Amino acid sequence: MDHYDMLESKSIYIIREAYYRFRNIAMLWSVGKDSTTLLWLIRKAFFGKIPFPIVHIDTTYKFPEMYRFRDKLSKEWGFELIVGRNEEKLTLGMGPDKGMKLECCTELKTNALKQVIKKYNFKAIFLGIRRDEHGIRAKERYFSPRDDKFKWDYENQPAEIWDQYKSFLCEEEHYRVHPILHFTELDIWRYIKRENIPIVELYLSKEGKRFRSIGCVPCCSPIESNASTIDEIIEEIRTSNQSERAGRAQDKENIYTMQKLRALGYM
Amino acid sequence: MKHKKSKDAKKALIIGIDGVPYGLLKELIEKGCMDGLKGILKSGYTLNKMKASLPDISSVSWTSFMTGVNPGEHGIFGFTELKPNTYEISFPNSKDIKAPVFWKALTEKKLIKSSIIINIPNTYPAFPVDGILVSGFVAIDFDRAVYPSSYINTLKNMRYIIDVDLMKVRQDRDGFYKDLIESIKKRGNVSKWLLREKDWDLAIICITETDRLHHFFFKQKETVLFDNFYKEVDYFITNTYKTAIEKYGDDILFLILSDHGFVDLDIEVNINAYLKDAGILKIDKTKEFYEKIDNGTIAFAMDPGRIYINYEDRFPRGSIGINESDKIKEMLKETLLNLKDNKGNRIIKAIFEKQDIYKGKYTKMAPDLVCIPYNGYDLKGNLRKEEIFTKDIFQGMHTWDNAVLIVPEKTKIEDDINIEFPCKIIMDFFS
Chain H
235 MDHYDMLESK SIYIIREAYY RFRNIAMLWS VGKDSTTLLW LIRKAFFGKI
285 PFPIVHIDTT YKFPEMYRFR DKLSKEWGFE LIVGRNEEKL TLGMGPDKGM
335 KLECCTELKT NALKQVIKKY NFKAIFLGIR RDEHGIRAKE RYFSPRDDKF
385 KWDYENQPAE IWDQYKSFLC EEEHYRVHPI LHFTELDIWR YIKRENIPIV
435 ELYLSKEGKR FRSIGCVPCC SPIESNASTI DEIIEEIRTS NQSERAGRAQ
485 DKENIYTMQK LRALGYM
Chain G
-18 MKHKKSKDAK KALIIGIDGV PYGLLKELIE KGCMDGLKGI LKSGYTLNKM
32 KASLPDISSV SWTSFMTGVN PGEHGIFGFT ELKPNTYEIS FPNSKDIKAP
82 VFWKALTEKK LIKSSIIINI PNTYPAFPVD GILVSGFVAI DFDRAVYPSS
132 YINTLKNMRY IIDVDLMKVR QDRDGFYKDL IESIKKRGNV SKWLLREKDW
182 DLAIICITET DRLHHFFFKQ KETVLFDNFY KEVDYFITNT YKTAIEKYGD
232 DILFLILSDH GFVDLDIEVN INAYLKDAGI LKIDKTKEFY EKIDNGTIAF
282 AMDPGRIYIN YEDRFPRGSI GINESDKIKE MLKETLLNLK DNKGNRIIKA
332 IFEKQDIYKG KYTKMAPDLV CIPYNGYDLK GNLRKEEIFT KDIFQGMHTW
382 DNAVLIVPEK TKIEDDINIE FPCKIIMDFF S
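Heads up: the sequence lines are chains H and G, in that order.
Start counting at 1 in the first sequence, then tack on 234, and there's your number in my numbering.
Number 315 in my numbering belongs to position 334 of the second sequence; there are no gaps in the numbering.
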C-alpha cells in the first residue's frame, strides 16, 4: 500500500467505526479543502452514498464562490445538506465589522453549531481538522468527547491506546470525530490531486494571489502566489516556511486583540 | 516599619488606577470629589508624581511595575511587536514577559504565601500563582483569564467582567459611561469578596475604567461627569482599603499607583505618513500591516512613537547597514524634530536612543528611537492612514511624566522616580 492508500484506509476505518457506534451522526462541512476531502472519504467509505446529513454553518460572511461550490456539490453528490445559521444574532446585526460585542465567531459559528446539534439531537459530528494545522489541535484525538457546554477537557480525555478508539459516551455529551487528523497539509493536496477531488477556486492563484485557507470574507486575506494548479500548490507548500493560517487574520485571539487595540486607537 | 508584628503578618495592598494623571487626581481631591482618599492621605500617605515607562503604554508600564525592571530586561515594548527577522505583527502577552514578576520572587523566598492579583494589564493568559490571578487588558477568553480555573464559574456568577465593550462608545456614549461605572462596581465587589474570604499576603487590584474614561471623555474632566465617576473611584479605593485593614489591621503596606498620565488630545499624528512623505518609508499597498514595508525603507514607526531603523540584518527588506547607523539616526532625529502642525508648532519634544533608555539583554528588541510628543499630539504608528494629521473620537492621550504614586509618608522617595520604583518599596517591605 502506498502512503495515500494508508492515510485513506485509516480515515475510512474511523468513519465506519463512528457510523456504526453513533447512528445519529452528521458531518460539519466548511466547504474548505480539508472538510471537502473528508466528504470525499465518507463518500468512498459508503460506496458513493453518504448516509447521514452534512451540516454547513453559514455565518453569511462566506465568499460567494463558497456558496456556489456548496450548492453545486450537494446537488451533484446528492447528500442531505443542513444549513445552520444563528438567525437570532444575525438579525441583531452580529458581524465582524459591526462593532457589536467581539463575539462574532462564537455566535455565528460555535453557537450556530450548538443549535444544530440540539435541534437534530446529533450524538457525534465528523470534523475535517488536521493535527498539523494549529498548535492546540496537536492535542486532539480521533474521538474527542465534548460536554453539553461544548467544553473540551483535553487533560481528561480517555486514552487512545493503539487502535482501541474510545467511542462510547454518556448522556448529554457529543463526540467529535476527526478521521483526517493524521493528514498533513501537503498530504491533503497530494490526495486531492490523486483523487481529483473538486475544490473551491479561491485556492488557485488569480492575479498573483490565492487563498491558502478560507473562511469568512472579512477575516481572510490572500497570500502572494502564482500557483494556479494543484501541482503548483504542492510545490509551493513543499518549499514554503510560512504558516498555513498566516493569511487568515485569524487566530481568533489575534482578531479580538486587534479589535480591542483599535478600539483604543492603537494600530 | 518598627511596629510590624511577626514576619508572617506582613501584608501589602496595592491599588492600580490605570491612566490617572497626578495633576487631575490632586485637583479632584481638592475639589472634594475624593474625600475617602483625602482621609487616607491625611492618615499618613503622600501623593507623588512618577514617570511611566518608555513608551508610556499600559502593557509596558505595568510590566515594569510587576517586574521592577526596564523594558530592556522584561522585553515588552508595546501592545504590538514584530516577530524576529520579519515584518509579521504579533501581540505580546504575559508569556512574553522575560523577567520574573515580583510576587513570584517573594513566594520563592517564602516571604509571602498567597496573592490576589486582579486586572493588571498584560497578565493574560493568566499564569500560575499561589492564590488567584485574574488577567487584565488584553484578555480575550474568560476561561484563560483566571487562575486557578476553579474560580471561573464563581467569577462568572458574580457577573465579573474583564473589560467593557470598547466599541459601544461609538454608538452610545451614555451607555458606555454607565458600563464603566458598573464595571468598577463589579471589580470592587469581587475584590472585596476575595480580600475578605481568602487568606492573602499580597493583593494587587487594578481598575482600568479610568483609562477608558480618559480616552473617550477627557475633555469633560471639569464636568460633573468626571466628578461622579471619580466619586465611584473614591468609593472603590476607600472600600477596598477598609476591607483590607478591617481584616489585617492598619499596619499593612498600602500603595496606589497609575501607569501613565493623560492630557487632552488635539490631533493624531501618523508618523508613518510623515516618513513616507519624507521618502524615508516605502509602502506596498497590496500587503497587510507591517508587511507593507517595502524595499528602500529607511525607517518606520510603531505605536506610539517607536521608530525602527530598517537594518539589513534585522528585517527581510532591510537596507541599512550597521555602519550607517549614526548617520541615519541623526537624519531621523532632524526630520522628526522638524515635524510641525499647520500652525508651525513643533510636535516632537524629545527623542531617545535605545541605549540611553534601556538596559538589559532584550534591548536588542527595542525600537531604535523613542519619540515623546508635546501635549496634545498623539503619535500613531499605523500604516493605514495616508494623512499625517487625523482626528477620531478620542479626547485624551497618554503622557509619560505625570503618573501617580501614593505611598506611606515615611517612604524615602528620590527626586526622579519611575514605575520600576514601587516594586522596590514592596520588596523592601517584605524582606
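To be clear, the hints were calculated from the coordinates, so they are not data collected in a lab.
On a predicted model such as this, the values are computed, not experimentally measured, just so you know.
Cβ coordinates follow ideal geometry from the N, Cα and C atoms, glycine included.
Just to be clear, a hint being listed does not mean it is correct.
Computed from the model, here is a short list of chain H residues facing chain G with C-beta under 7 Å [to be verified]: (1) P452; (2) S455; (3) Y490; (4) T491; (5) K494.
Some chain G residues flagged as far from chain H (calculated, every beta-carbon gap over 12 Å) [said to hold, decoys possible]: (6) G59; (7) T61; (8) S71; (9) D111; (10) L147; (11) K149; (12) K166; (13) E227; (14) K268; (15) N363; (16) I374.
EDC-like, lysine to aspartate or glutamate: derived pairs with alpha carbons at most 16 Å apart [unchecked claim]: (17) K266(G) <-> E458(H); (18) K283(H) <-> E314(H); (19) K268(G) <-> D292(H); (20) K268(G) <-> E458(H); (21) K273(G) <-> E458(H); (22) K323(H) <-> D366(H); (23) K167(G) <-> E213(G); (24) K443(H) <-> D265(G).
Numbered hints the structure breaks, given as an ascending list:
Violated hints: 1, 6, 7, 8, 10, 11, 14, 15, 16, 19 and 22; rest satisfied.
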